[in-house]
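> Protein chains in written order, with numbering that gives the first Met the number 0: chain W, 0 to 346; chain Z, 0 to 346.
No lab work stands behind these hints: they were computed from the structure. Any given hint could be a false lead.
Chain copies aren't distinguished; within one or between two, either way the pair holds.
[Said to hold, decoys possible] Straight line, CA to CA, 16 Å or less: simulated EDC-like cross-link-like pairs of lysine to aspartate or glutamate:
{"#": "1", "residue 1": "Lys325", "residue 2": "Glu285"}
{"#": "2", "residue 1": "Lys282", "residue 2": "Glu312"}
{"#": "3", "residue 1": "Lys325", "residue 2": "Asp33"}
{"#": "4", "residue 1": "Lys282", "residue 2": "Asp311"}
{"#": "5", "residue 1": "Lys74", "residue 2": "Asp141"}
There are 2 protein chains.
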Amino acid sequence: MTLVADILSGDRLALARCLTQVENDTPQGRAALDELFPHAGRAHLIGITGSSGAGKSTLVNQLALAYRRSAPRDKAPRVAIVAVDPSSPFSGGAILGDRVRMRDLAGDPGVFIRSMASRGSVGGLARATAAVTEVLDAAGYDIILIETVGAGQSEVDIARLAHTTIVIEAPGMGDDIQAIKAGILEIADILVVNKADRPGAENTVRALRNALELGHPAARAMQPKGHHAALESQTAESAAPAESELWLPPVLVTVASTGEGTAELVSAVQRHSEYLKRTDLWKERERARLQTALEDLVTAALVERWRETLADETYRHVVHRLLERKISPFEAVSGLVRDQKPRNRPD
Amino acid sequence: MTLVADILSGDRLALARCLTQVENDTPQGRAALDELFPHAGRAHLIGITGSSGAGKSTLVNQLALAYRRSAPRDKAPRVAIVAVDPSSPFSGGAILGDRVRMRDLAGDPGVFIRSMASRGSVGGLARATAAVTEVLDAAGYDIILIETVGAGQSEVDIARLAHTTIVIEAPGMGDDIQAIKAGILEIADILVVNKADRPGAENTVRALRNALELGHPAARAMQPKGHHAALESQTAESAAPAESELWLPPVLVTVASTGEGTAELVSAVQRHSEYLKRTDLWKERERARLQTALEDLVTAALVERWRETLADETYRHVVHRLLERKISPFEAVSGLVRDQKPRNRPD
Numbered sequence: 000m001t002l003v004a005d006i007l008s009g010d011r012l013a014l015a016r017c018l019t020q021v022e023n024d025t026p027q028g029r030a031a032l033d034e035l036f037p038h039a040g041r042a043h044l045i046g047i048t049g050s051s052g053a054g055k056s057t058l059v060n061q062l063a064l065a066y067r068r069s070a071p072r073d074k075a076p077r078v079a080i081v082a083v084d085p086s087s088p089f090s091g092g093a094i095l096g097d098r099v100r101m102r103d104l105a106g107d108p109g110v111f112i113r114s115m116a117s118r119g120s121v122g123g124l125a126r127a128t129a130a131v132t133e134v135l136d137a138a139g140y141d142i143i144l145i146e147t148v149g150a151g152q153s154e155v156d157i158a159r160l161a162h163t164t165i166v167i168e169a170p171g172m173g174d175d176i177q178a179i180k181a182g183i184l185e186i187a188d189i190l191v192v193n194k195a196d197r198p199g200a201e202n203t204v205r206a207l208r209n210a211l212e213l214g215h216p217a218a219r220a221m222q223p224k225g226h227h228a229a230l231e232s233q234t235a236e237s238a239a240p241a242e243s244e245l246w247l248p249p250v251l252v253t254v255a256s257t258g259e260g261t262a263e264l265v266s267a268v269q270r271h272s273e274y275l276k277r278t279d280l281w282k283e284r285e286r287a288r289l290q291t292a293l294e295d296l297v298t299a300a301l302v303e304r305w306r307e308t309l310a311d312e313t314y315r316h317v318v319h320r321l322l323e324r325k326i327s328p329f330e331a332v333s334g335l336v337r338d339q340k341p342r343n344r345p346d
Numbered sequence: 000m001t002l003v004a005d006i007l008s009g010d011r012l013a014l015a016r017c018l019t020q021v022e023n024d025t026p027q028g029r030a031a032l033d034e035l036f037p038h039a040g041r042a043h044l045i046g047i048t049g050s051s052g053a054g055k056s057t058l059v060n061q062l063a064l065a066y067r068r069s070a071p072r073d074k075a076p077r078v079a080i081v082a083v084d085p086s087s088p089f090s091g092g093a094i095l096g097d098r099v100r101m102r103d104l105a106g107d108p109g110v111f112i113r114s115m116a117s118r119g120s121v122g123g124l125a126r127a128t129a130a131v132t133e134v135l136d137a138a139g140y141d142i143i144l145i146e147t148v149g150a151g152q153s154e155v156d157i158a159r160l161a162h163t164t165i166v167i168e169a170p171g172m173g174d175d176i177q178a179i180k181a182g183i184l185e186i187a188d189i190l191v192v193n194k195a196d197r198p199g200a201e202n203t204v205r206a207l208r209n210a211l212e213l214g215h216p217a218a219r220a221m222q223p224k225g226h227h228a229a230l231e232s233q234t235a236e237s238a239a240p241a242e243s244e245l246w247l248p249p250v251l252v253t254v255a256s257t258g259e260g261t262a263e264l265v266s267a268v269q270r271h272s273e274y275l276k277r278t279d280l281w282k283e284r285e286r287a288r289l290q291t292a293l294e295d296l297v298t299a300a301l302v303e304r305w306r307e308t309l310a311d312e313t314y315r316h317v318v319h320r321l322l323e324r325k326i327s328p329f330e331a332v333s334g335l336v337r338d339q340k341p342r343n344r345p346d
């Protein structure tokens, strides 16, 4: 396939085209992913999430710039930015956020920016984001910054893709207890209080540190991120990190508008990457991520096959009886799932 | 089954026990739901969601009180409150929020309060909430207030359960544009600015009204809430509401701590209920809700059956090759889904 060869040789237009196919889950997209998958698995995936208005996009820009300026252009890590907006119907390219970014990063062939928009469902978006990330990884991007807009389950799902998850807050963004309750601290490897030049920054830092101490973070570091890991018995065989090797998420302060604190953030990300590799958690997270992706795909395939083999009439009949409350949902399910093979019409 | 008979005769302890079984999805819970399902379908399900700190719980209390005081105790609508917290590990009963509630509502046999906590996944929680709602409906509660803590996809999923969805904001709770982006306005039938005695309330009301006008709300009212409705061709046959029958979500103001505005909110809910019934949208929402529930259960059943029939060894082998990037996720899926029937060990 020449598209794949073009991508592997660094053709940006081929890459953009392929990403569209992969996002839309076309047969060509799937074929490309099949071919590209063996070339992926080298990038450091970094998820960036947090409350709206915390300044995520600006901080992601600064991170990208910092990586690109860490060495001469041809030696510096290549950086891809995947901006995921579950609520946006726009996808693929030149949304406003990207244009703003371009002023800083335009013309640098070592930077690739991609917007991901709603795929109709959170699950669909997480699946598409995972696939896009694999393609960028195969295309040779060393650092992939996955930025999610908004907060909620979608962010948690998308954060599961990353090796390192950065959670960004801003001073006075509301009740910190809520942030903890929302489970956002659960997924943080690094916490950032951005807009640290604003009043209240110290309070926010303190609240986050307290929350971390209350939240038994040490226990967390011993577990892989995915929730399907228990299925794979080999997980239990791998060495658990020693007590001294637990990761307590650092709380950093930044002012993304000026770049203040970006260097410290890059160092923390580097330390986290070294920690993951030293403790074998890097591999665990890869495993959890790929298994989650696999089980999502299996579920989708099972449902698809079920739909194909189910007679329309059967489905309509069962739904009708359900709506009339003649049968319960469980009775409806056993009627529908038993009816797997194509069959003669019911009378 | 005596448990079911006890529930139908108004036994609160039997109800509480049954809800625990249903929440935990035990065989007894499923059997009870099968028996209770034909008795349900009469309650008005009201979802209450919105930003954290907006005062949802207090407003839900006030709503419950208002319903209970609308007539003599034995004539007033019976009210159930289902408080759903996707981030809480506590469930079933006496969490702090419930205790606080009890001061107002304690001892009233026409009120039943239930907390729902995390079921490990958002999908699981939405499923459990739907089941709990059916039981309360069958048990004769006329008004079921489903309150979701937090904001995000989980709220949207849970809101899909309701006939009427109330979205609560508070003044100065951050960027209103974000609220719109988060899709929360999409699901609102009634908008409430609570804590209306605080500065900035008028601005919030204005921002929400502007957002509604920009958001083409009229188009929305013509569609059922569920996203699976397209599957059911009968949907298209039902009468679409006339132009004059579109519902523009009202923006109300309340001060839940004093009860101010609660009466107006109850009236708006009543108007919405009449609107739904007049336009047949009530039935449409029931249909969409039950179909969504059905398809979730079907998916769970398909995955369960797949797991049961899949040889552990096959699964482990495929995952191993995936992790080594010898096969792509799609190739892995075709290996796993083809392998449906119990089979001899691969060598």
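> Can you tell me if Lys282 and Asp311 fall within 16 Å by alpha carbon in one copy, between copies, both or neither?
neither (45 Å within a copy, 21 Å between copies)
> Within a copy, between copies, both or neither: where do Lys282 and Glu312 come within 16 Å Cα-Cα?
This pair counts as neither: shortest intra-copy Cα distance 48 Å, inter-copy 21 Å.
> Can you give me the call for Lys74 and Asp141, within, between, both or neither, at a CA distance of at most 16 Å?
within (11 Å within a copy, 68 Å between copies)
> Given identical chains, is Lys325 near Asp33, meaning Cα to Cα at most 16 Å, within a copy, between copies, both, or neither?
between (46 Å within a copy, 10 Å between copies)
> One pair to classify: Lys325 and Glu285, alpha carbons no more than 16 Å apart. Within, between, both, or neither?
Only across copies: Lys325 and Glu285 sit 15 Å apart there, 47 Å inside one copy, limit 16 Å.
The structure fails hints 2 and 4 (numbered hints given earlier, in ascending order).
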